[in-house]
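Take these sequences, add in the hints, and give me the full structure.
Mapping the sequence shown onto our numbering, position 88 (from 1) lands on 210, and the numbers just tick up by one.
Any given hint might turn out to be false.
To be verified - List of simulated lysine-lysine pairs, DSS-like, C-alpha gap at most 30 Å:
#1 Lys393 <-> Lys164
#2 Lys420 <-> Lys395
#3 Lys464 <-> Lys447
#4 Lys464 <-> Lys503
#5 Lys393 <-> Lys407
If you're looking for bench data, these hints aren't it; they were derived computationally from the structure.
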Amino acid sequence: MIVIAAMGYYLAAWILLTYQQASLFIMLGALLAYQLGERWFKLEHRQLNYQRLLAKREELIAQQREQAEQDPELAELREELPEVEESGLDVEQISEQSLTLLRGLCVIGFVIAMLTLWSSALEMARWLERVVLWQVSEMGEGGIVVVDVTLQSVVYALIVVMVTVIAVRNLPGLLELLVLRRLELAPGTGYAITTLIRYLLVMVGVLSACSIVGVQWSKLQWLVAAFGVGLGFGLQEIFANFISGLIILFERPIRIGDIVTINDLSGTVSKIKTRATTIIDWDNKEIVVPNKAFLTEKLINWSLTDPITRIVIPIGVAYGSDVDKVEALLYQVANEHPLVLKEPSPTVFFLAFGGSSLDFEMRVYITAIDYRLSTIHLINKRIDTLFRENGIEIASRKWTFMCGMCR
Numbered sequence: 123m124i125v126i127a128a129m130g131y132y133l134a135a136w137i138l139l140t141y142q143q144a145s146l147f148i149m150l151g152a153l154l155a156y157q158l159g160e161r162w163f164k165l166e167h168r169q170l171n172y173q174r175l176l177a178k179r180e181e182l183i184a185q186q187r188e189q190a191e192q193d194p195e196l197a198e199l200r201e202e203l204p205e206v207e208e209s210g211l212d213v214e215q216i217s218e219q220s221l222t223l224l225r226g227l228c229v230i231g232f233v234i235a236m237l238t239l240w241s242s243a244l245e246m247a248r249w250l251e252r253v254v255l256w257q258v259s260e261m262g263e264g265g266i267v268v269v270d271v272t273l274q275s276v277v278y279a280l281i282v283v284m285v286t287v288i289a290v291r292n293l294p295g296l297l298e299l300l301v302l303r304r305l306e307l308a309p310g311t312g313y314a315i316t317t318l319i320r321y322l323l324v325m326v327g328v329l330s331a332c333s334i335v336g337v338q339w340s341k342l343q344w345l346v347a348a349f350g351v352g353l354g355f356g357l358q359e360i361f362a363n364f365i366s367g368l369i370i371l372f373e374r375p376i377r378i379g380d381i382v383t384i385n386d387l388s389g390t391v392s393k394i395k396t397r398a399t400t401i402i403d404w405d406n407k408e409i410v411v412p413n414k415a416f417l418t419e420k421l422i423n424w425s426l427t428d429p430i431t432r433i434v435i436p437i438g439v440a441y442g443s444d445v446d447k448v449e450a451l452l453y454q455v456a457n458e459h460p461l462v463l464k465e466p467s468p469t470v471f472f473l474a475f476g477g478s479s480l481d482f483e484m485r486v487y488i489t490a491i492d493y494r495l496s497t498i499h500l501i502n503k504r505i506d507t508l509f510r511e512n513g514i515e516i517a518s519r520k521w522t523f524m525c526g527m528c529r
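If you want it as structure tokens, here you go:
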């Protein structure tokens, strides 16, 4: 600056000094914004971690209380289901994504502010405006207007794409830290909100970048429609699964952590993606199911609104048995079991005279599906014990063969 002023360019020296001071203030402002944001995110991260630790502590206390109230034999027979995190993000990952998003936004904001400040002083900025890559025609007030798409427009479009990519990759942690944890949401709702906002950001970012470089939707809609029809024949299943994934996120017939049965497959939902959903079965194997199957096939969700499930146990006794005594013993078995609910109450029915047995059916309700197999196991054991003690024979299939000689 001293050299420029000594050469007589006092105005230029003053302008450059002013720009340097403004640049320094912008840099200090960006650093201050980042430090404040980092400090705030750390406080929110600490509070979120504390809340999750309290929730985990309460869950452990409830499990210990439940185990203390249960029969030790029942606790051992409880079926261990795969555990799935609903949000899919731990506290460290949430903090990392939030800081990455903050860092990226601060850097991009700093670059845009510096380019805006120095654009009038740098010849390079005017050079970017002078480089015309192509021209597009738009409908203006006086008719069709030809608009130049310069290299500067492409740079702005790339900045929009960078911001979109950073936001989409780090959005789940930020939403969990700032918004979702403050709301009382049903299971799976947070994941659906995050996924839909991601799709919306991608759409807005792509349309904005295309608009900056002169690609208007009004000119592309027929091409996109024709391209979509062409792809529809070749990639029909992929598009069907994508639309089915959106329907699943909106209607939420399944959620992260739900226990479902589709066709002959049962397990816990662990991931819901755009094309397919991942289910962890009882053997801890990850099975990928196309989203279309959840809308077109028979689906059973064991925990969508109420985890209570009914167990039906058929019993056949030999002919000649006292049916009133059989009914009383079956009610005794149901009422003795600690996991069988009193409401809805258990029921016993004498259904039919079978080919070799009197057919009864016991229907009981339990609190959760993870006790289903152990409940059936213990009920069958108790039925066998009581029937033996009271002289009631459980029917077995009998075959009669008649042999003779033809004359």
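Okay, the hints, checked on the actual structure:
Between Lys393 and Lys164 the alpha-carbon distance is near 28 Å, which keeps this suggested pair within the 30 Å criterion. With a C-alpha separation of about 20 Å, the suggested pair Lys420 and Lys395 falls inside the 30 Å cut-off, and the hint holds. Our distance criterion of 30 Å between C-alpha atoms is met by Lys464 and Lys447, whose separation comes to about 21 Å. For the proposed pair Lys464 and Lys503, the alpha carbon gap of about 21 Å is at most 30 Å, so the pair holds.
With a C-alpha separation of about 13 Å, the suggested pair Lys393 and Lys407 falls inside the 30 Å cut-off, and the hint holds.
Consistency with the previously given hints is maintained throughout, with no hint failing.
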